[in-house]
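**Student:** Go ahead and model the full structure; you've got the sequences and the hints to work with.
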Amino acid sequence: SKIGVVLKQKGDLDGALLECRCALAIQEKKTPDSLSVATSYNNVGALLWQKGDLDGALVQYRRALAIQEKEAPGSLTVATSYSNVGVVLSEKGDLDGALVEHLCALEIEEKKAPDSLTVATSYNNAGRLLREKGDLDAAMYYLEKGHTIATGEKVSILKWHPALIHIKYYLGLLYLDAKRFKEALPL
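The working numbering applies: residue 1 is where the sequence shown begins, and numbers increase by one.
Think of the hints as simulated: they come from the structure by calculation, not from any bench. The structure presented is a predicted model; accordingly, all values stated were derived computationally and were not measured. Positions of the beta carbon are idealized from the N, C-alpha and C atoms, including for glycine. Any given hint could be a false lead.
Stated by the list, open to error - Here are the simulated distance ranges between beta carbons:
1. P114 with L35: 21 to 27 Å
2. K112 with T39: 17 to 23 Å
3. A138 with L187: 18 to 24 Å
4. K159 with K70: 38 to 44 Å
5. A72 with L103: 18 to 24 Å
6. E28 with D177: 44 to 50 Å
7. T151 with E69: 28 to 34 Å
8. D12 with T39: 17 to 23 Å
9. L176 with K70: 40 to 46 Å
10. K51 with K179: 37 to 43 Å
11. S36 with A178: 44 to 50 Å
12. T31 with V59: 16 to 22 Å
What the hints assert, rightly or not - Here are the simulated DSSO-like pairs of lysine-lysine, each with C-alpha atoms no more than 30 Å apart in a straight line:
13. K51 with K30
14. K182 with K168
15. K168 with K111
16. K70 with K51
17. K30 with K2
18. K133 with K145
19. K2 with K70
20. K92 with K168
21. K92 with K145
22. K145 with K159
23. K29 with K10
24. K70 with K111
25. K10 with K92
**Tutor:** Structure (structure tokens):
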């Protein structure tokens, strides 16, 4: 709901959550299983995530994903929902589950938006998780691929863009882990 967005911008997460849940209840009655309902599930999930309710956020993101997979299979919207689920699972400590979700997102994004910042970010997410799991070789592949895409000709972003900073940060950490200090310096 638009009121929910305004309340969120003002920092009133509880008020925003109440408004979004009310809007969702109305949408569920009028157009159940529609993409607008999925969007509302994602909005509620994002608010719950911001409030630290990871279990609640996960439920909402999965509800959104279920609708989106049915109504818009293979879309970038579905990929975003996979990423949302992956972020929450990662924060809950389920690295294997998070990795699966981020790889699902990446598979869609490579088809729909190859050589984009979105794809580079998903490579970064997968690489970061693989590094945390201790699989440095696989992490290196994903992080270097993400860095190559993010700094390539087809992606036009500022060198201080937050996504690029994250990619360089995790790639730098991995180079340090692998004792490849000279490669970490120019990042």
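**Student:** Checking each numbered hint in turn, tell me which of them this model violates, lowest number first.
**Tutor:** Per hint list: zero violations.
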